[in-house]
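So in my numbering the end of the sequence shown lands on 141, straight run, no missing numbers.
Possibly wrong hints are sitting among the right ones.
[As the list claims (entries may be wrong)] Okay, derived cross-link-like pairs now, DMTMM-like style, lysine to aspartate or glutamate, Cα gap no bigger than 25 Å in a straight line:
| hint | residue 1 | residue 2 |
| --- | --- | --- |
| 1 | K132 | D108 |
| 2 | K115 | E14 |
| 3 | K99 | D67 |
| 4 | K133 | E31 |
| 5 | K115 | E55 |
| 6 | K99 | E31 |
| 7 | K115 | E97 |
| 8 | K133 | E55 |
| 9 | K99 | E14 |
| 10 | K133 | D108 |
| 11 | K115 | E98 |
| 12 | K132 | D118 |
| 13 | K99 | D46 |
| 14 | K99 | E28 |
Derived by calculation from the structure, the hints in this document are not laboratory data.
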Amino acid sequence: MTLSEINVLVGESDWAWAEAVECIFAPRGVNSIVAADAASTLDIIERRNIHTAIVDMDSVPASGLSIIRLIRGYYPMLPCILLSRSVEEKLLARALALDVFSVIAKPVDMVILQDQLNRLFMKKYNSAVFNS
């Protein structure tokens, strides 16, 4: 897999999320594709080869778990990372039931996000693109 082939879907948020992930993705040549809502998420996944989705639990009007549930209905093998302001046992159980790769507490520590992306890409794609 070459760097130009890697696409990560990033859920739109009300904070500077899209800009924050650029500091991890841009130096590696990874494409971050921002989805404004659940409908655009599916549209993007249908049109592009997406390698993982990073979804915000606190997004509106659809929660991150709702978006992942929708993704699972069409693309059950797409790895997803869920971000949440409140990481409690009930949320973790629901995320586990949807086979979410990782749940990360907000505010997001970019070192933790990079570590989780590295684990995901090594496990799923045998790629060290996110290894620091």
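Status of the hints after comparison with the structure:
no., hint, result
1, K132 x D108, "holds (14 Å)"
2, K115 x E14, "violated (28 Å)"
3, K99 x D67, "holds (15 Å)"
4, K133 x E31, "holds (22 Å)"
5, K115 x E55, "violated (29 Å)"
6, K99 x E31, "violated (31 Å)"
7, K115 x E97, "holds (12 Å)"
8, K133 x E55, "holds (20 Å)"
9, K99 x E14, "violated (36 Å)"
10, K133 x D108, "holds (13 Å)"
11, K115 x E98, "holds (16 Å)"
12, K132 x D118, "holds (21 Å)"
13, K99 x D46, "holds (24 Å)"
14, K99 x E28, "violated (30 Å)"
Of the numbered hints listed earlier, those contradicted by the structure are 2, 5, 6, 9 and 14.
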